Amino acid sequence: MPEAILEIRDLKVSFRTFSGRVQAVDIQSLAVLPQEILGLVGETGSGKSVTASTVLRLLPERKAIVEGGPVLFKGQDLLAKTEAEMRKIRGREIAMIFQDPMSSLNPVFTVGEPLTRIIAIHQGVSLKEARERALAALGRVRLPNPDKILGSYPHELSGGMRQRVMIGMALSSNPDLLFADEPTTALDVTIQAQILRLIDDLRHEIKASIVFITHNLGVIAKVSDRVAVMYAGNVIEVGPTRDIFHRPAHPYTGLLLKAIPRLGETRDKLPVIEGAVPVIRRPETGCYFHPRCPRRDDACREARPVLAPIGPGHYAACGKPA
Amino acid sequence: MRTYLIRRLLLGVLVFLGLTLVTFFIARVVPSDPAARWVGPRATVEQIARARAKLGLDKPIHVQYGRYMADLVQGDWGTSIVTHQPVLRDIKTYLPASLELTISGMILAVIVGIPLGVISAAHKDRAVDHLSRAFSIGAVSLPTFWVAMVLQLVFFGYLRLLPVGGELDLAIKLAYPVHQITGSYLVDSLITGNWVVFANALLHLILPAVTLAAYPLGLITRMTRSSMLEVLNEDYIRVARAYGMTERRITYLYALKNAIGPTVTVIALTVAYSLAGTFLIEAVFNWPGLGHYAADAVLAADYPAIMGVTILVAIFYVALNLAVDVVQAILDPRIKAA
Ligand SMILES: Nc1ncnc2c1ncn2[C@@H]1O[C@H](COP(=O)(O)OP(=O)(O)O)[C@@H](O)[C@H]1O
Ligand SMILES: [Mg+2]
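Protein chains in written order, with my numbering: chain A, 1 to 322; chain B, 1001 to 1338.
Derived from the structure by calculation, the hints contain no laboratory data. Do not rely on the hints blindly, as some may be mistaken.
[What the hints assert, rightly or not] Result set (DMTMM-like, lysine to aspartate or glutamate): computed pairs, CA atoms no more than 20 Å apart in a straight line:
#1 81/A to 1247/B
#2 207/A to 7/A
#3 148/A to 113/A
#4 63/A to 1129/B
#5 1257/B to 156/A
#6 63/A to 1234/B
#7 63/A to 1230/B
#8 63/A to 1125/B
#9 63/A to 1235/B
#10 148/A to 1332/B
#11 63/A to 1247/B
#12 88/A to 176/A
#13 1124/B to 61/A
#14 88/A to 1247/B
#15 1173/B to 1188/B
#16 1257/B to 113/A
Just so you know, these numbers come straight off a predicted model, no measurement behind them.
Hey, can you work out the whole structure from these sequences and the hints?
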């Protein structure tokens, strides 16, 4: 196995809320390999975004409690970095694309303002040179007329164009790692397909590893090399995409596969996993999934399973894997 | 942008006309006889009648309004019943002192209030935020006359640092005559390089300006804080952080440009209000501004003067509102599109 670009070990993240501490992430182990696309899948609230924010150290300082670790990026623990060191990593070595391209762009600045500024900051070039590179970045994401787009305000662009701008911005400084957090969820189906194709095309041009976050396994079926499934803040199964789709070992993964929406289906017609709740409540003991698990037995109520090998590169945290 | 501004301008003119109409009729409903006041308490009935004809008060009311508007646009704002001077000339006498006070007070309120609001929002629920809250709520809720008197007591009575009132020391006024250009001692002395007068005028301005600044300062701070808090929660702020922008740049550029709109409106409205609405401050600091003039006019039922001041304030309101519209359109490109 090649050396991982990102390696998360024993990471626990919780939030202080009015109703006490809420555990959001409890990852035993998760690695991202060089130049791969890793699909990070799980239902809403399973801790995918919090995981990405933890790596970039973007969690609200006073609300979030990060314990455990390390979070090794190219061998260095990100949890030990200072804020100034992190600023140099954000957007330069690790970039992020967010779900909603409308709200991701500042409405009162032209698209070019943050884009050129980021390039100037991270690549240490003049604003004039940064502008040239910004034009190139927009060209790379197949935006026609980059000159005009650079001077446009977000409201003048379509959703698809805005997401292309965001992807261009993410790739502008050639990062080693890219988090794409539900990058197509807010877009309509045809645009979604275009953006997915763009990401698939770009992976051959860039050297970045991509963590593609989604709640819909169907979205990443074609683009990802491996898939990691999260449930209640844990990574409960990880393996090559083909194994996850054809030989899911964890019953939760099986349920997720059944929940993939067919083309043309709207989201509220999705088969809902039985017992699903927005904030996932964890049982006191045993496997976190056992209250909802069709295969549970008495042992599942007592011992918490850890990730164990199922096949080559395929791991699952389940007492009764398929 | 242009059609947007033309629309706003037309709206402003309409508002202005409506205002002249309302003030005109209210002034006519006031149950005292302006003609009798014009000629004084010992006048005969014939004298009053003659004065009434001279002032046009015997004509039907719509004719009076029409005549008034015609005169108004020609620069004839009537003659004050109290000073027996053209109202416009009176206004020219009192306006510079008012502008001086209002503008310097507002500059103070803005340069302290906006950063304070931004800092409070950026450090929500920390010590600075609590301090700023106490300070701004105090500034808004303490009565103006009380603030004025405490300032006088401390800086004049106790520390002997600043003058108690007036625009200029009499001795300096006599020893260093100022060449009148704008009518404001501060500006005229600055233009003509009369530094002794300038320094003295500045010293006299400090306490009334601080007093005037208190209320808008509190308002601006709270306003800026709350809209900054909203903006700092936006996705694009998180994105800016995720791309390694410094907190300073995020707060003072990316967030503030989104958050400043409501504050700009508050500033403009406060300026227009303060022009003639600072009678209390002018009284305490013996400041010869429009507030004085307006208050005297009201007490004497001097309706040409009342209307003159009202119309002046209306012009400022309309002009400032238009300026606000322009500024908002520059700040937020989506306004032009709408
Ligand atoms: N700022 C926050 N304050 C409190 N709880 C939070 C915060 N952000 C996330 N959470 C909680 O963390 C859990 C995981 O959230 P998230 O990572 O956003 O899920 P998703 O997998 O949908 O991206 C959720 O239960 C959510 O309620
Ligand atoms: Mg999410």
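Worksheet item: For which of the previously enumerated hints does the structure constitute a violation, in increasing order of number?
Response: Violated: none.
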